[in-house]
Amino acid sequence: QLQLQESGPGLVKPSETLSLTCTVSGGSISTSSYYWDWIRQPPGKGLEWIGSIYYSGSTHYNPSLKSRVTISVDTSKNQFSLKLNSVTAADTAVYYCAREKHLERSWFDPWGQGTLVTVSS
Amino acid sequence: QSVLTQPPSASGTPGQRVTISCSGSSSNIGSNYVYWYQQLPGTAPKVFMYRNNQRPSGVPDRFSGSKSGTSASLAISGLRSEDEADYYCATWDDSLSAVVFGGGTKLTVL
Numbered sequence: 001q002l003q004l005q006e007s008g009p010g011l012v013k014p015s016e017t018l019s020l021t022c023t024v025s026g027g028s029i030s031t032s033s034y035y036w037d038w039i040r041q042p043p044g045k046g047l048e049w050i051g052s053i054y055y056s057g058s059t060h061y062n063p064s065l066k067s068r069v070t071i072s073v074d075t076s077k078n079q080f081s082l083k084l085n086s087v088t089a090a091d092t093a094v095y096y097c098a099r100e101k102h103l104e105r106s107w108f109d110p111w112g113q114g115t116l117v118t119v120s121s
Numbered sequence: 001q002s003v004l005t006q007p008p009s010a011s012g013t014p015g016q017r018v019t020i021s022c023s024g025s026s027s028n029i030g031s032n033y034v035y036w037y038q039q040l041p042g043t044a045p046k047v048f049m050y051r052n053n054q055r056p057s058g059v060p061d062r063f064s065g066s067k068s069g070t071s072a073s074l075a076i077s078g079l080r081s082e083d084e085a086d087y088y089c090a091t092w093d094d095s096l097s098a099v100v101f102g103g104g105t106k107l108t109v110l
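Sequence lines, in order, name chains A and B.
Numbering follows this note's numbering, with no gaps: position 92 of the first sequence is 92.
Numbering follows this note's numbering, with no gaps: position 107 of the second sequence is 107.
FYI, nobody ran anything at the bench for these hints, they're computed from the structure.
Just to be clear, a hint being listed does not mean it is correct.
Every beta carbon over 10 Å from chain A, so not counted as near; a handful from chain B, in silico [stated by the list, open to error]: (1) Ala10; (2) Pro14; (3) Ser21; (4) Gly30; (5) Asp61; (6) Lys67.
With a Cα cut of at most 25 Å, we get these calculated DSS-like pairs of lysine-lysine [stated by the list, open to error]: (7) A/Lys101 to B/Lys67; (8) B/Lys46 to A/Lys45; (9) B/Lys106 to A/Lys45.
Using C-beta positions, here's what the derived DEER-type ranges look like [said to hold, decoys possible]: (10) A/Lys83 to B/Ser64: 39 to 45 Å; (11) A/Leu2 to B/Ser64: 25 to 31 Å; (12) A/Ser15 to B/Thr70: 37 to 43 Å; (13) B/Pro41 to A/Thr88: 24 to 30 Å.
Cβ coordinates follow ideal geometry from the N, Cα and C atoms, glycine included.
Generate coordinates for the entire structure from the input sequences, incorporating the hints supplied.
If you want it as structure tokens, here you go:
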């Protein structure tokens, strides 16, 4: 059974870079059938798609975050990562990684448990 | 402001039928499948409906999905207390080249 697990610092200072990693277990990230995505949810608010990466390295980003986001993949470690630079308090959220079906965009299954990242000095 | 519009809240008593709507445009719902996610408090979302109206295994047949034009809906019949959760619709937007979510609907069982 495929599982995803987010990891990274829970506290980031304003103007610095948020860095998270998602480790995939129970299956290979090097598959043509899926994208690998990051999605976030500010406390008490709704879901916001951040972006996706294909095993080949091709990416799609949310236009509202595109200038600050980089998603990368490390197939040797079966991991993909998120970097969000110049963070502010508005970037405080639970960050989820998820698998998305390649030919059926927005079908996310499974999801990681999520990790809370707080932006504060 | 979400690209897809959902009512912020919905409610019903046990046994009732409730419908949650999701409104979009020709570039998203009008040309792509709609997916619904259920999020219980403190947990990650889980896919509850795929390809507009298909239920994953384990989702009760009390839940049904539909799509017409640029709108979609999730209907729950025979409402039960365990249905109380947040529900989100999602789809791909061809103009934005991005996944878009609705703002979410909090379902309360009275």
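Structure-based check of each hint:
no.: 1; hint: Ala10; result: 15 Å, holds
no.: 2; hint: Pro14; result: 27 Å, holds
no.: 3; hint: Ser21; result: 15 Å, holds
no.: 4; hint: Gly30; result: 14 Å, holds
no.: 5; hint: Asp61; result: 19 Å, holds
no.: 6; hint: Lys67; result: 13 Å, holds
no.: 7; hint: A/Lys101 to B/Lys67; result: 20 Å, holds
no.: 8; hint: B/Lys46 to A/Lys45; result: 17 Å, holds
no.: 9; hint: B/Lys106 to A/Lys45; result: 11 Å, holds
no.: 10; hint: A/Lys83 to B/Ser64: 39 to 45 Å; result: 41 Å, holds
no.: 11; hint: A/Leu2 to B/Ser64: 25 to 31 Å; result: 27 Å, holds
no.: 12; hint: A/Ser15 to B/Thr70: 37 to 43 Å; result: 40 Å, holds
no.: 13; hint: B/Pro41 to A/Thr88: 24 to 30 Å; result: 27 Å, holds
The structure is consistent with each of the numbered hints, conforming to all of them.
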